[in-house]
Amino acid sequence: KAGVTQTPRYLIKTRGQQVTLSCSPISGHRSVSWYQQTPGQGLQFLFEYFSETQRNKGNFPGRFSGRQFSNSRSEMNVSTLELGDSALYLCASSSGQTMNTEAFFGQGTRLTVV
Amino acid sequence: KNQVEQSPQSLIILEGKNCTLQCNYTVSPFSNLRWYKQDTGRGPVSLTIMTFSENTKSNGRYTATLDADTKQSSLHITASQLSDSASYICVVSARGSTLGRLYFGRGTQLTVWP
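Chains as they are written, first to last, in the working numbering: chain D, 1 to 114; chain S, 1 to 114.
FYI, nobody ran anything at the bench for these hints, they're computed from the structure. Since the model is a prediction, treat every value here as computed from it, not as a measurement. Accuracy of the hints is not assured; some may be wrong.
What the hints assert, rightly or not - Below are the SDA-like pairs computed for lysine to any residue, each with C-alpha atoms no more than 20 Å apart in a straight line:
{"id": "1", "chain 1": "S", "residue 1": "71", "chain 2": "S", "residue 2": "24"}
{"id": "2", "chain 1": "S", "residue 1": "1", "chain 2": "D", "residue 2": "56"}
{"id": "3", "chain 1": "S", "residue 1": "1", "chain 2": "D", "residue 2": "59"}
{"id": "4", "chain 1": "S", "residue 1": "57", "chain 2": "D", "residue 2": "101"}
{"id": "5", "chain 1": "S", "residue 1": "1", "chain 2": "D", "residue 2": "101"}
{"id": "6", "chain 1": "D", "residue 1": "57", "chain 2": "S", "residue 2": "71"}
{"id": "7", "chain 1": "S", "residue 1": "1", "chain 2": "S", "residue 2": "29"}
{"id": "8", "chain 1": "D", "residue 1": "57", "chain 2": "S", "residue 2": "2"}
Using the sequences plus the hints, can you model the full thing?
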């Protein structure tokens, strides 16, 4: 079956702009979580959605927001971009039914803010 | 504070040699521990997932061990290949949390030389 698909793969934006990233989970998966990965901080949790509801949120400013649609696809939006937002943004999907459910990651979106 | 520490930060070995990566965690109450392999610029790919009751799990040339009493895990790679060059990330989840509350180590960057 198809894996987790993230679009676009690469993105260049200027400071102050806003950006929307998309994540299509594996068919049948209802949980989508988003992560920011930078060389200095490693992987950091942004938020998780399950059945269109935000189930968990990390410690990021309100400029970072997300949503999930009825088909489980999820979008992440970052407004008023800052240079420090340059990172690899990863999403992961799972069935979300048990604690030991496997999480499958997408290839990520590489965002560069100039 | 829930933390995951990995060592070494980086490692260089020759092709065909074995190596062991370490992961110590303070996440409590513990639910499961996962090892991921991440190639540069790509999303992490799951190698193993272990629950409290499991102390060894293998996936081909990869063998993970878990000591829940000392809160330590290791990933042993046998007969390394050039394609093993990647970052290996230890991820721990706490019982009672959802997929969104994963705690990530910073990873061990493994380089395999011919």
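(request) Quick one: which hint numbers does this structure break? Sort them smallest to largest. (result) The structure breaks hints 5 and 6; every other hint is satisfied.
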